[in-house]
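J.: Starting from the structure of chain A, add chain B where the hints point.
Those protein sequences? They're chains A and B, same order as listed. Mapping of the first sequence onto the numbering used here: position 91 corresponds to residue 91, and the numbering continues sequentially without gaps. Mapping of the second sequence onto the numbering used here: position 8 corresponds to residue 1008, and the numbering continues sequentially without gaps.
No lab work stands behind these hints, which were simulated from the structure alone. Given the structure is predicted, the values throughout are model-derived calculations rather than measurements.
Just so you have them, the derived chain A footprint on chain B, three or more residues with Cβ under 8 Å:
#: 1; segment: 1005-1013
#: 2; segment: 1284-1295
#: 3; segment: 1363-1370
Listed below are several chain A residues computed to face chain B (Cβ distance under 8 Å; list not exhaustive):
#: 4; residue: Ile-300
#: 5; residue: Ser-306
#: 6; residue: Arg-310
So these bits of chain A aren't anywhere near chain B, every CB distance computed over 10 Å:
#: 7; residue: Asn-10
#: 8; residue: Phe-46
#: 9; residue: Glu-49
#: 10; residue: Pro-65
#: 11; residue: Gly-202
#: 12; residue: Asp-224
#: 13; residue: Ser-230
#: 14; residue: Glu-248
#: 15; residue: Arg-339
Ideal Cβ positions, reconstructed from N, Cα and C, are used throughout, including at glycine.
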Amino acid sequence: MSATETSLQNFQADIDKWMSENIPNKPGFLLPLTFLEVGTEQQLDFLREWQHKLWSAGFLGMHWPTEYGGQGADPAYQGIVDKALGAHNAPIIFNTIGLNWTGPLLLDVGTEEDRKRYIKNILTGEEIWCQGFSEPDHGSDLGNVQTRAVRDDDEFIVNGSKIWTTLGNYADHMILLARTDTSTARKYDGLSFFLAPMKVAGVEARPIRKVTGEYGFNETFFTDARIPASCLLGDEGGGWRMAMKTLEYERGVIAGQASAHSMQSIGLEDLMYAMHDFERDGAPILEDAMIRDELVKLAIEAKANSISDRRASIPALNTDYPFGIALSNKYRHTEYARRLKMMGAHVQGAQGALFMDDDKAYMGGFWQRAYFANFGTTIGGGTTQIQANIIGEHVLGLPKS
Amino acid sequence: MSAIIGSKKIDFSEEQGMLLDVAREFVKDKSPGSEVRKLLESEAGFSEPVWQELVDLGWTGINLPESVGGSGLGIAALIPVVESMGKGLMGTPLVSTVLAAELIRRAGGIAEEDVLEDISGGCAATVAYLDGSDWGATNTGVSVDANGVLSGSKFMVPDAAQATWIAVVGSDAAGDAVVALVAGRDVAAQAQASHALIDLTKRASTLDFTGVKAQRVLSGDKVASAIRDYLLIGALLTAAEAVGSTSACLAGIVDYLKTRKQFGKLIGSFQALKHPTVDIYVGMEHSRSLVYHASSEIDDGPLSAEAEVACRMAKAKASDTIQYAGDRSVQFHGGFGFTWECDSSLFIRRAAWSQQQFGDAMHHRKRLAPLLLDA
Chain A
1 MSATETSLQN
11 FQADIDKWMS
21 ENIPNKPGFL
31 LPLTFLEVGT
41 EQQLDFLREW
51 QHKLWSAGFL
61 GMHWPTEYGG
71 QGADPAYQGI
81 VDKALGAHNA
91 PIIFNTIGLN
101 WTGPLLLDVG
111 TEEDRKRYIK
121 NILTGEEIWC
131 QGFSEPDHGS
141 DLGNVQTRAV
151 RDDDEFIVNG
161 SKIWTTLGNY
171 ADHMILLART
181 DTSTARKYDG
191 LSFFLAPMKV
201 AGVEARPIRK
211 VTGEYGFNET
221 FFTDARIPAS
231 CLLGDEGGGW
241 RMAMKTLEYE
251 RGVIAGQASA
261 HSMQSIGLED
271 LMYAMHDFER
281 DGAPILEDAM
291 IRDELVKLAI
301 EAKANSISDR
311 RASIPALNTD
321 YPFGIALSNK
331 YRHTEYARRL
341 KMMGAHVQGA
351 QGALFMDDDK
361 AYMGGFWQRA
371 YFANFGTTIG
381 GGTTQIQANI
391 IGEHVLGLPK
401 S
Chain B
1001 MSAIIGSKKI
1011 DFSEEQGMLL
1021 DVAREFVKDK
1031 SPGSEVRKLL
1041 ESEAGFSEPV
1051 WQELVDLGWT
1061 GINLPESVGG
1071 SGLGIAALIP
1081 VVESMGKGLM
1091 GTPLVSTVLA
1101 AELIRRAGGI
1111 AEEDVLEDIS
1121 GGCAATVAYL
1131 DGSDWGATNT
1141 GVSVDANGVL
1151 SGSKFMVPDA
1161 AQATWIAVVG
1171 SDAAGDAVVA
1181 LVAGRDVAAQ
1191 AQASHALIDL
1201 TKRASTLDFT
1211 GVKAQRVLSG
1221 DKVASAIRDY
1231 LLIGALLTAA
1241 EAVGSTSACL
1251 AGIVDYLKTR
1261 KQFGKLIGSF
1271 QALKHPTVDI
1281 YVGMEHSRSL
1291 VYHASSEIDD
1301 GPLSAEAEVA
1311 CRMAKAKASD
1321 TIQYAGDRSV
1331 QFHGGFGFTW
1341 ECDSSLFIRR
1351 AAWSQQQFGD
1361 AMHHRKRLAP
1371 LLLDA
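One chain only, chain B, in its complex shape:
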């Protein structure tokens, strides 16, 4: 097998299959279009009772070990769930919560049992990572002193308002990367400023942590690789969600092309519309293959080089595909596509949001280049 293409592994376990079935039905049932629209206007962006049901299904702990109340199925088991939520544009803090758990357990370990138990039990959590706009920066600008007191702020922290636990990426006095575990209740209301996001199903805030004392600070050898893995898994989960949203966007385009008539013909018979729609379809299938490939390459240990390549490829492809799908969806719906009422507006907004999470397609292709070409 050639080095440049590398692993072609794609596994799909029975558990993943069951989760895909259950999650699809759950999302279809709990997140119809009317509910998505209703939640756009809400402060929280998600339904508390639905979150409880999701917790009862065990989804906040799917990836976590049984010793902390999880199912021990790893990140792979979350992919079908996150993909399904993407398909239904379902707003929940699940991805933020899961990513916080991954960062904490990879940076810390068994000593963080209590925090992980909280998370698997349904307490929402999040990671405060960005200092500013640049996903490629070091992003350790928040300083953490010897007493665990933080100084500095973090940009665009997802689902911060709901988080019981916030894992803040920063640096200690020596300049080494640390992860400070902050209790959400310790961040005063006036230190939180919520953003007007382009995707109205999502929520994020800028948080000023100055003067906040961390409950605990994770430091040492494992922190740097844990942060790297958090960014890769974040890219993968964003890609999985994007694949789901792309498939819903595609279904919307296809429905319209099958029913809308112009010049006495169904517009789907025009190749100028049909062929780009086929390209969205093929891009969606390719993205989905890369997402499930990446999920086959990830385990609980530090991510391998194959896993890194897989996560970055999945994000690069899924981001470009959802961007194209959302863009064409607005265009192909014509005048209606230009309106707020048309669901194309939801998809193009999801696309724009998704592209900018965990680095856009160019960010990942740039990092793929040395992995693929200079090996």
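Excised from the complex, chain A in its bound form:
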């Protein structure tokens, strides 16, 4: 499918119709707001079925090659689908680590065999992926990864532990960064990158309870776990480069992701909706001068963020810092979202002090939960502070911290 204006317009109409007819009704249980919060089998089954439905209709990984389960279409089509998913408030597309990080990585640097083996099942939701980068003692300091993978003929024996393993207790595979050599001069050169099976002896994922009270993360323990040597992606000792490439997909620095709808989008419109339900000083809250100024500040930030994203594709307007807008994507968007969601709790007056389990909580504690859950995005994938180092060093050329 090429992307002429007419064909895109027609597609927009088709997709709106499909969404209104096919998005499942809200189930009788709370759905996760983001892929970081899938905490029950019930949620998992629901989301897996929904992802499969979207893929079966041809609306997931549309721009991925047909031989691996995509549609071979122009990326503009998936963009329309993703926008429509947000606009129709659809449940999230949960297999994010497969769809947005592993999939594009394999299309980029994987072997033909890897692509054939893994990509279609990522799209259908039949196989769930998780990521094993961070370790309990080395959060943002990836170069210091200590989990060991020791070669034993045509296998590697893995020992150590990983933390913040989103979807780890459900996953079939992990993109795993492990140390295969402890003697290298540079710590980075001793790392290797694996497409590791999770359902083998010696791998155990223990769910971690989060600040929201929900689950979704795990600590993953490897105890003499044997994985085939063929799981290696790239060269032994070449893991750092693969990990950095993965992070570029994760942070949205480069495109190619199967779907952007990995989080239920919460925007200013949602906050405006809440404005109808609260008062301050006995008058509608929207008449409060202080509240108005905060909302305007958020609106300016939201607009500047999205126009900047568009500006990134106009090279003549990016000559001073060619990759600056892309490299600051995560920094800008996740911090804006944090401020927006915090505001959602602030506007509630005393009700803002209630949490999810209270039957008087506004919208079931939606904003409080969203605010807390947002820390997953300002911490995961390299914290905001690490992002600031990256922008400072790689965009502005400042010395390393």
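T.: Here is chain B on its own, set in the frame of chain A:
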């Protein structure tokens, strides 16, 4: 698309691209640091030969129709030029001149062909708008009688000393807003008092127009919306200039952080300095996006609601960003930053000036609130 965020349009034409390249080179060549410093002390605040070159490049008429000697490219084409001048802290009466042309053509029209021809041909012009300090006041205190004779004075008229034409905002006997076109030569020297501005690259005066007879008075339906549009375009051009100055200020900070050592380390390795510098960078990019977005929303007709939102957002963001950049630039340069010699002094002064032109960030956020929240 949600109402509160609205249009996300950002266009950048081939002409804008060429103008950006040419203007950057021109400013780099004509406005090195030494020249900026030299002009601070001068009476005019700009170099006459450089102004002539700029006129020869056609920049005084970029926005004007070809029928009056312009290029017909609209305000959008001026943005890269003004941004570049901001980057080089280049003093010229270009922005004042362009804004006068916009006010005159929006308030009047084809009958003002001769004045617009003068402007596109290189005669400097300006708008006398403020009665006092308040950008939010009506500012029509100067009265214009039936014979076109003015009474009253105007505050902080930019580049007044150079102006061949001065567009004075006032009111007629009925109290309706008018724009009186006054020839600069008709304002006596003793009726002009120049200000000591915080930004030494800029010039402005208080002018007493009492007894001055206007060459012509523009009145009627179009005047009120022309004044409104002049204020919005003024805010946008100030924002564009601020973005340029912010980028130069940022470059200065980055250079210092990459070369200055303390405690045996380059100070740019300290996150206490690095992270705020990143925030200046991100603020600068956001301001720049909003400026070029606004330039995509403006045309020769009365400004749309989207254009108004865009101009106000651009000014609010660019003002806050340049203020932060100038402030941190002084601080991060340490003892040297506190001195006159350090270029941080130029940037913090530019920031303080820029914030107060056409309304500060709070002024624009207050006006954005009903546009965004009560629609």
